[in-house]
Amino acid sequence: MIVVGGGIGGLGAAYSLTRQGLGVRLLERAPAFGEVGAGIQLAPNCTRILDDYGLLDEAKSLGVVPDSMVMRDAVDGSELTRLDLRDLEQRYGYPYLVIHRSDLHGLLLRACERAGVELVTDATVTSYENTGGGARVTVGSGGTHEADVVLAADGLHSVARKLLVDDQPVSSAYVAYRGTVPAGLERVRSVDLGEVVVHIGPSCHFVHYGLRGGELLNQVAVFESPKALAGQEDWGTPDELDAAFAGTCDFVRDGLPFMWRDKWWRMFDRDPVMNWVHGRIALLGDSAHPPLQYIAQGAIMAIEDGWVLGEHVARHRAEDGEPDWDAALAAYEAVRPEHCRRVVTTSRAWGELWHLDGVARERRNVLLRARDTYDYSFVDWLYGPTALTPDEEPPMFTPIPLSAAGTGDRLAAVADGAA
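Letter by letter, the sequence shown follows residues 1168 to 1586 of the working numbering.
One or more hints might be untrue.
Computed cross-link-like contacts, BS3-like style, restricted to lysine-lysine with a CA-CA straight-line distance of at most 30 Å [stated by the list, open to error]: (1) LYS1227 / LYS1430; (2) LYS1329 / LYS1430; (3) LYS1394 / LYS1430.
What follows is a list of derived Cβ distance ranges for each label pair [stated by the list, open to error]: (4) GLY1380 / ASN1297: 46 to 56 Å; (5) GLY1201 / PRO1424: 21 to 31 Å; (6) ALA1197 / SER1338: 43 to 53 Å.
In short, the hints are calculated from the structure, not lab data. Just so we're clear, the structure is a prediction, and the values are computed from it rather than from any experiment. Every residue gets a Cβ at the ideal spot worked out from N, C-alpha and C, and that includes glycine.
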């Protein structure tokens, strides 16, 4: 089969399918394999799959297994709620891991090389089409590649997605700045690298955690751009970064000088779609379900996609051992779109919750402070075993309305008591 796209999702899928005895050719448009960005968070629903692949120990050696996840108010710096990640590992059987994106990408690339995946660079796929017995892609040079199945892991601006739906990426008007701080600087010495921390504030948030065994501190600053809201093309600029965090606590503002200011990431997603398969062409990863990053599941969903498809190839084989591709693709499409729809829509809602101001922010803070550290009701649907069939998909959490925190004098009294 052919996999289009050499990012984390494409490499993960290529490795998953090679494990099933398939010959896989992976087409990457860049002249060399690589990954940009900084840190990435891998919850137990992902580390479980890395363990199945035999890659978890290597991933742990490259990353950090933190002790806690902490949410703080970006304005006053106070703690709102936390997860005990060591207890979480006991609950789900696998750790919560943070790792540099390039390290995860390199790990998967090496696994594909060892498994015999045919890795092709400088191959920009310009079109997809079904054939009598499979599918074909055309690359920029005019050449073609054919296989029984083509898996399109071609990202947010997917060419293959156009075969299924005529839509466009949706701008959130938010932008992310990233940066890593080397060990030895005062900024790193003042941080507990055993924690993953997010400071949430009005129209902004700030994340930090350790990478590479504590050699680096990863920081991410995200804010809503007034220029984007005004319809200007030049949005997300460094002056907006500084203005967005002017009202935050000292710790957050002290981290801004360490951000890379020559590059920023505008944040887009797409509306969920439930059809991912067109004949023998199937979507995977951001081509199917690009999310906003608020529950840290974008790359994880892509890795899950590849694992699920590989498992269904194993389950659906003809008597001669050849994959029953129609059955495997139908089973893949029966389970993954609904799960990913939930993630995409929850990510949007979670982002709105993080960025509240005024009375809504006060109510949110009261509710978060009231949450027990060992309450997993909001993550059980996400961090448990990846579903292979629709009946295995767990029920979602029950939302708590902000009004549950009370209003007026009652809200003030509850807030004072929580503080």
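Each hint tested on the structure:
For the suggested pair LYS1227 and LYS1430, the alpha carbons sit about 29 Å apart, so the restraint of at most 30 Å is met. For a cut-off of 30 Å, the pair hint linking LYS1329 to LYS1430 stands: about 29 Å separates their Cα positions. Between LYS1394 and LYS1430, the direct Cα distance comes to roughly 17 Å. Compliance with the 30 Å bound is thereby established for this hinted pair. For the pair GLY1380 and ASN1297, the beta carbons lie near 47 Å from each other, so the given range of 46 to 56 Å is met.
Judged by the Cβ atoms, the range 21 to 31 Å given for GLY1201 and PRO1424 holds: they are separated by roughly 27 Å. Checked against the hint of 43 to 53 Å, the C-beta distance between ALA1197 and SER1338 comes to roughly 25 Å, which is inconsistent with it.
When held up to the earlier numbered hints, the structure conflicts with hint 6 and nothing else.
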